[in-house]
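Single-letter residue listing:
Protein chains: 2
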Amino acid sequence: MSGIDYFNELNLKEYRALDIKSAAEYVKKQQLKEIFGSDEELIAEDISDGNLNLVFRVKSKNSSRSVILKQGLPYVRRVGESWPLTPVRILVEMKALQIHGEIYKEGIPEVYHTDPAMFLIIMEDLHPAKTLRDCLIEGEYISDIGVNIGRYLGRVMAYTSDFFLDITAKRRNISLFLNPDLVKITEDLVLTNPYHPEGWGNRMEAMEYPEVRALQNDVEFLSKIAALRDKFNNYPQALIHGDLHSGSIMAGDNLCKAIDLEFATYGPIGFDIGNIIGSLLINWIAQEGLTDQPYQCRQYRMYIMQMIEDIWDTFREEIYNAWLNIDKRRWPSPYLEKILKDIWEDAMGYSGTEMIRRTIGLGYIADLKNIEDVQKRRLADKKVLSLALKIIKEPGDIYKLKEYLKEL
Amino acid sequence: MSGIDYFNELNLKEYRALDIKSAAEYVKKQQLKEIFGSDEELIAEDISDGNLNLVFRVKSKNSSRSVILKQGLPYVRRVGESWPLTPVRILVEMKALQIHGEIYKEGIPEVYHTDPAMFLIIMEDLHPAKTLRDCLIEGEYISDIGVNIGRYLGRVMAYTSDFFLDITAKRRNISLFLNPDLVKITEDLVLTNPYHPEGWGNRMEAMEYPEVRALQNDVEFLSKIAALRDKFNNYPQALIHGDLHSGSIMAGDNLCKAIDLEFATYGPIGFDIGNIIGSLLINWIAQEGLTDQPYQCRQYRMYIMQMIEDIWDTFREEIYNAWLNIDKRRWPSPYLEKILKDIWEDAMGYSGTEMIRRTIGLGYIADLKNIEDVQKRRLADKKVLSLALKIIKEPGDIYKLKEYLKEL
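Quick note, the sequences are listed as chains A and R, same order.
Heads up, the first sequence is in my numbering, so the first residue is 730 and it goes up one at a time.
Heads up, the second sequence is in my numbering, so the first residue is 730 and it goes up one at a time.
Take these hints with a grain of salt, some might be off.
A pair counts as met if it fits within one copy or between any two copies, since identical chains are not told apart.
Simulated crosslink set (DMTMM-like; lysine to aspartate or glutamate; CA at most 25 Å straight-line) [as the list claims (entries may be wrong)]: (1) Lys1057 / Asp917; (2) Lys913 / Glu1074; (3) Lys859 / Glu1066; (4) Lys1067 / Asp917; (5) Lys1057 / Glu916; (6) Lys1057 / Glu949; (7) Lys1070 / Asp748; (8) Lys758 / Glu916; (9) Lys1105 / Glu867; (10) Lys1122 / Glu1066.
In case anyone wonders, no lab produced these hints; they're calculated from the structure.
Keep in mind it's a predicted model, so treat the numbers as computed, not measured.
Isolated chain A (complex conformation):
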């Protein structure tokens, strides 16, 4: 596998950004025989809705078949050319899809075509699956979703970590996924800015909350944040997704796939687990604002809690299997327990940072934003922050987490 050059000027000679016309033509030219007949006419629609990239759905006029074309821009799509950002992120996503896909193909979309010079990927259209976030906001039940997330995480983490890789293979992967530009975005927007009143991108309104001012001045708490930031930057434990919130998971019947892998890097396993758990906890809290049916709220919260337990139990089971079957380093069993305990505690910490940044940082989360009643929304913000603070200061086991939720 050839490397990715993160540190020199890019060659953009062959690059041009596509539009709906050229996107359809581009896909047509690839002759994706397993998808489209050679005489089918293709049309594209622009469905870009993330912050960073162009996304087109290219579909047949003659059939229901379609693909997704994702292309990187040399800037942040949502902001424009004033925020330049290397399209190298698409090369990162290509490699991450390849590696995660080789390990556990059920966990990511199928890739049909990649073009490094155009910084684009053509992949499986997961329609009509929705993001897990949309499902959660609408209170839908998806079977086995927690187990499937846990399996994806356990499998890819085991096989990209020291359980399976010797130092040379591991460091080759590390160099492939240095991904400094996107890691910097996470360092800034997730792990730094929300803790400074003047941090770029923060929700101005939230900067006035008394509990936000308090946490921004709580030196013991800020030391915990500093430790989480250091670990995110400096613990290349496994090839993590890097942005695995509920909006990065497509969910449907018998379907659970991670998308948007451009933040992939070698980092702490607990970062991914924490991000998804943090997303789920936000929704758990938001439920009482999203529905006015107390019974429904209670039921759905039980469902979310079960999802969290399923993620962890399945992940744990996969790691245990890796230890039994592929462990290259003869780790003694108390050390396995320590690894798992550390990963859980990291996950608790990063679930806290995810909750905080989604409440007071850039990108106020839909789960909370969708609460129509202003007072209920404010109360939900407050509860999210209170839970995050506790969980970061004293990350306990899953029973402790349940206690914290009861105390809200």
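Given the coordinates of chain A, assemble chain R onto it according to the supplied hints.
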């Protein structure tokens, strides 16, 4: 700075190993005007005595001036072609000398010339300085040596870590110093093999010691070793020397320079500090076998203990200054205390692994080997292992360390 390719076949077309004749000619051709006059005749002597490389002293026939020429071989010099090892290690040393030298030139030898195609470096001859190990074995007192080691460590660690580097600069450095082949040697020979009875390179005699059998079966202890190994492989905190025992430090009046930087990599700061402290503790214990003068032994032990305190205090002072003056991340002060506490505890752990590998692994250390009385030598081995075990299981502060020494 261009990168180092660790993962593809080397180009050795322009490479040829030098001998005393061609080494002298090579140096002559470089016209090192600051060292030699253009009409001086040069002669070389082979002074290779490390495990890995060719080392020549090239000196003037007309004056006392000389330089050191160090060249990598495509195998381990001491073993021969049956143990191939990439000469890329010399490129690593070049870059590490450059970076450490830019930060703190007093801490490393001056470099006069580098030749990446020939995998060689021409550098300052530190003669008549000796290795710190030789000084310690002979019971010599060297002024300020602890302070100088601490300053070197503090300065280079601060400026190659997150105190000073943003994520892009840091990750560029990480990719430059992946150094998988030499890191693998450390993982195996220092952090793995001594803990397995059949580990390659172990001292056969020591495998029969009851205390060695005990530690090789102590699962709680082995879990601590696993954690130290994981941290060595996976905590790119700063650009460490990677092999900073007392034989890698040249010591003399007003002179303290680290040599042999081919193991340089991004790793935990405590690894370097621990290696040097571990070396010193071995010598502390060995003193009662090396001299039959109890007073002299006691005095020298106080001197070694003072050296350890000077290393730590000066290192700590440098890090504190870095925090005050160059900290890019606004770390809160309790976090600074935590960083320092963690580094000290890491250092205690790695001082333990250094003591163990030097006693029972490959390369039984001269400090112990030089004890002529067999029983005294056996007793010293035992004390080194006993101290290492305690320090790894329960790394306390410096007072705890002194207690452990008293208990021996």
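Up to 25 Å CA-CA - Glu916 versus Lys1057, copy category: This pair counts as between: shortest inter-copy Cα distance 13 Å, intra-copy 32 Å.
Up to 25 Å CA-CA - Glu949 versus Lys1057, copy category: Answer is between; shortest inter-copy Cα gap is 19 Å, intra-copy 38 Å.
Can you tell me if Lys859 and Glu1066 fall within 25 Å by alpha carbon in one copy, between copies, both or neither? neither (36 Å within a copy, 46 Å between copies)
Treating 25 Å as the Cα threshold, decide for Lys1067 and Asp917: within, between, both or neither. between (30 Å within a copy, 22 Å between copies)
Alpha-carbon proximity between Lys1070 and Asp748, which holds within one copy, between copies, both or neither at 25 Å: For Lys1070 and Asp748, neither the intra-copy (48 Å) nor the inter-copy (55 Å) Cα distance is at most 25 Å.
Is it within, between, both, or neither for Lys1057 and Asp917, if the alpha carbons may be no more than 25 Å apart? Answer is between: at 12 Å across copies they meet the 25 Å cutoff, but 35 Å inside does not.
From the Cα coordinates, with 25 Å as the cut-off, is the pair Lys1122 and Glu1066 best called within, between, both, or neither? Both: 22 Å inside a chain and 17 Å across chains, each within 25 Å.
Using 25 Å as the alpha carbon limit, work out where Lys913 and Glu1074 are close: within a copy, between copies, both or neither. Answer is within: at 23 Å inside a copy they meet the 25 Å cutoff, but 29 Å across does not.
How do Lys1105 and Glu867 come out at 25 Å by Cα distance, when the copy is not named: within, between, both, or neither? within (18 Å within a copy, 76 Å between copies)
At most 25 Å between alpha carbons: which applies to Lys758 and Glu916, within, between, both or neither? neither (40 Å within a copy, 50 Å between copies)
The earlier numbered hints that this structure contradicts are 3, 7 and 8.
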